[in-house]
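*Asks:* Chains A and B supply the protein sequences, listed in that same order. Per my numbering, the very first residue in the first sequence carries number 1; after that it's consecutive. Per my numbering, the very first residue in the second sequence carries number 1; after that it's consecutive.
If you're looking for bench data, these hints aren't it; they were derived computationally from the structure. There could be a bad hint or two in this list.
The calculated DSBU-like cross-link candidates involving lysine-lysine, where the alpha carbons are at most 35 Å apart (straight line), are [stated by the list, open to error]:
#1 B:Lys284 x A:Lys245
#2 A:Lys382 x A:Lys530
#3 B:Lys284 x A:Lys152
#4 B:Lys330 x A:Lys139
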Amino acid sequence: MSEVPKPEELIKKNYSPPEKPWMETKPEFREGRFCNAANPKWLETLDYPYARSWSVTDEDWNLPENWKDIVLENMHDRLNRFRSLRLFFDICVRCGACADKCHFFIGSGDPKNMPVLRAELLRSVYRRYHTVAGKLLGKLAGARELTEDVLKEWFYYLYQCTECRRCSVFCPYGIDMAELTILGRELLSSVGINTEWIMASVGSCYKTGNHIGAPPHAFKDMIDFFCDECEEVTGVRPRPSFNRKGAEILFIAPSGDYFADPGTYTFMGYLLLFDYLDLDYTISGYASEGGNFGYFISHEMGKRLNYKIYSEAKRLGVKWILGGECGHMWRVLNQHMDTWNGPADFLEEPVSPITGTRFENAKSTRTVHICEFTADLIKGNKLKLDKNRNDHIALTYHDSCNPARAMGILEEPRYIIRNVCNNFYEMPENTIRENTFCCGSGSGLNADEFLEVRMRGGLPRANAVRYVHEKHGVNHLGCICAIDRAILPPLLEYWGIDVELTGIHEMVANALVFPGEKKKTVDLRDRTLKGVKSEEIEEEE
Amino acid sequence: MGFNLAFYFSLFAVIALVLVPLVGAGAGLHVIFGIVIPYLAGFTFLAGLIYRIVKWARTPVPYRIPTTCGQNKSLPWIKRSLRDKLENPENTIYAIGRMALEVLLFRSLFRNLRTELRPWREYPEGGRLIFWSTKWLWLGAIAFHYSFLTVLSRHLKFFTEPVPFFVPLLESADSFLQIYMPAVYMSGIALLAALIYLLGRRIVDPKLHYISLASDYFPLFLILGIGISGVLMRYFLKVDIVAVKELAMGLATFHPKVPEGIGVIFYIHLFLVSTLLAYFPFSKLVHMAGVFFSMTRNMASNNRAIRHVNPWEYPVKVFSYMDQEDMYRKQMKTAGIPLERDIEE
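All chains should be modelled from the sequences, with the hints used to inform the complete structure.
*Replies:* Have a look at this one:
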């Protein structure tokens with residue numbers, strides 16, 4: 001892990017841009033501020049072009065001879081395929097409304113992290129090769145040649161955008177930096193510039209089924225282990241099935257939920273809930289990844305990974321798909337999956353087997369968000385819940401970027417929270433819902449070597465958490481995103497905020513009252529519940 | 001505070017544009033400045049705008065990617081306010097509503113916040129972020145666009161005979177303060193004030209100064225030039241209004257003629273307007289048309305209910321289930337995971 005400056009050093013920032021015009025400054029590739037270059041073996045696995053060894057700090061990035069033509073040709077191609085690219089290049093008026101909306105700008109003060117300028121890094125090249133004024137007037141028209149330095153600058157800043165879309169909420173024309181980042185990263189990939197963190201995840205996912213590289217049998221092992229854990233703390237042993245044909249529902253979760261704490265408790269939450277319901281579901285060792293790091297390098301790679309979900313649902317003959325708590329997974333499932341790999345005519349329109357509710361809003365993708373599913377169960381009075389079992393938790397809720405701004409799932413998780421938890425406090429309104437702040441490590445930027453930028457980018461989120469922590473004694477941050485659960489703990493620790501992360505379904509499972517259960521004294525994390533005396537625990541043991 | 005090269009370039013470019021008709025029309029080239037250039041500019045405006053629109057319209061929208069700013073439509077009992085429906089539209093009607101808010105009221109700009117990092121001693125990092133609601137940019141933008149629209153509509157009186165009923169109404173509303181003689185139009189003042197604000201923030205705010213290009217300053221100076229020449233013409237350097245109307249009607253009815261005795265200031269005004277028209281389609285000003293195409297705003301967020309088709313979607317190389325089973329068959333069997341093809345003994 002790279003050496004990160006102390007919080008008090010990191011925060012001393014100056015929001016005034018330098019004297020030099022932005023076309024004349026170059027990024028400094030310092031430790032902690034870039035993600036490492038991808039190992040060529042991943043590119044070979046994925047048939048990605050220009051696999052080679054190179055290092056970001058090298059002067060020479062070992063680009064293919066005709067790299068410039070390749071990049072320009074790819075840009076041209078995308079201008080004709082994506083209206084968004086052409087339009088967003090054409091209509092920005094540089095009003096600056098987006099400038100201080102980006103968490104990376106707020107945290108770093110680097111002017112090129114203002115979305116307007118980050119977009120301008122690409123736009124300037126578009127002007128040079130695609131507009132008359134740019135061709136004639138050059139710099140004066142905001143146009144510039146594509147050079148190796150420009151390419152490096154793209155790499156630096158396009159990998160300092162988490163595709164969170166907060167800027168696009170405030171843009172009067174809805175210009176979406178995420179779209180430009182995705183397409184810009186495609187241009188970089190076209191000449192073999194990729195990051196190790198993303199490519200390793202994608203390469204592993206492609207062959208084994210998930211980002212963490214767990215093949216089906218290892219995946220099953222992990223889930224079995226959670227069943228043991230569930231049994232130990234609750235006395236109930238969930239009975240999931242794997243790759244089972246004829247199940248009613250295929251359940252897909254992000255690998256973050258079975259990879260590490262505290263995500264694992266969320267996975268235990270899913271298992272317990274399903275067991276409580278006696279749900280006819282299966283999980284797959286092939287489609288064992290809900291997340292999609294492929295989407296962070298290109299639309300095409302996103303599609304290649306996403307393919308597994310529908311194809312596995314078809315093979316197993318399930319009726320519909322249920323998706324776990326994950327942010328970008330739901331961006332893809334909501335806005336891309338049907339277009340990429342649909343139509344899902346082999347599935348049925350999803351109906352909850354417990355309540356009979358028809359999920360009309362998912363009648364085409366046939367894929368339901370677990371928060372919709374659970375909210376419906378609670379509304380239909382199908383769960384016996386004891387809120388008091390979460391009394392040791394004072395919760396605030398972090399809207400993850402993608403579910404908030406690429407879907408709009410805002411009320412369902414809150415409805416669930418209010419039914420499983422007595423102490424719920426919202427963060428300030430300008431930092432939640434559609435105004436929510438990114439964790440600072442989304443879109444494949446959660447690499448260890450990138451820690452400094454991540455801590456900077458997470459500042460606004462951490463700051464808002466601190467606010468409710470101090471004001472209301474909040475000690476848990478709830479979210480429906482696996483990346484959040486993985487990266488917010490180190491972020492909050494860095495900024496010195498004593499708040500833990502929890503998934504919403506961990507909270508649900510904590511509150512769930514099983515018929516004939518043993519007396520509950522601990523939560524899923526084996527922590528003593530509020531109001532339970534120590535003798536009771538000893539008695540139990 | 002700062003003035004960069006782009007600022008000076010734009011300023012001098014507009015000054016030069018003032019000098020052209022000053023010299024040219026002053027030398028009596030009235031046909032050029034009164035007929036030829038306005039027609040060329042008008043043609044460029046229309047052709048250019050159509051070109052831009054066709055270019056956008058012909059480029060596919062591969063994915064449906066609305067930016068959602070409210071609760072989506074899911075379970076029927078989840079409450080959604082009108083705001084939710086407009087900011088996360090489930091169908092085209094609400095999407096049109098969303099666009100109307102965006103185009104007519106600048107909804108997104110109204111959201112604007114100012115982020116400020118305040119020193120805060122108790123916090124180890126020594127800072128606390130504050131988000132202020134800030135409506136100045138919205139106000140400036142609304143003032144600019146609506147006053148420009150009003151000014152433009154008032155000009156219909158020169159191009160129509162009989163003048164549409166709303167033009168005199170607009171005029172009297174616009175001048176109800178009844179100050180000065182001829183009565184001062186508030187829209188003119190608002191336009192100039194908004195322009196000065198929009199220009200001022202690019203000079204005063206270091207962030208904006210840093211991102212501003214010549215193409216940001218130039219239209220501001222140009223429109224400022226148009227506004228100032230208009231004001232001069234109306235209140236100070238009076239021109240022969242009847243002759244101006246004759247010229248304008250000639251242009252509008254394609255029977256152009258140049259009446260004698262219109263002051264040079266008019267030709268300056270007209271030339272700057274012509275420049276604006278010709279410049280419009282090739283500049284950031286096309287946001288006027290472009291905003292209607294913005295896919296993060298104009299699409300309904302009903303992705304899971306209605307499939308969006310991408311016209312160029314192509315098949316991709318995938319790693320199939322059987323590829324995986326072939327790789328791990330033995331281990332899967334040992335783990336008790338069902339197989340498609342069992343291991344041959």
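*Asks:* Hints first: check each against the structure and report whether it holds.
*Replies:* Now the hints, each set against the structure:
Simply put, Lys284 (chain B) and Lys245 (chain A) have alpha-carbon atoms about 56 Å apart, too far for the 35 Å limit, and the pair is violated. Taking the CA atoms of Lys382 (chain A) and Lys530 (chain A), the gap is about 25 Å. The hint holds against a cut of 35 Å. Using a Cα cut-off of 35 Å, the hinted pair Lys284 (chain B) and Lys152 (chain A) holds, with the two alpha carbons roughly 27 Å apart. Note on Lys330 (chain B) and Lys139 (chain A): the hinted pairing is violated, with a Cα-Cα distance of about 62 Å set against a maximum of 35 Å.
Going down the numbered hints, you'll see the structure goes against 1, 4, while the others check out.
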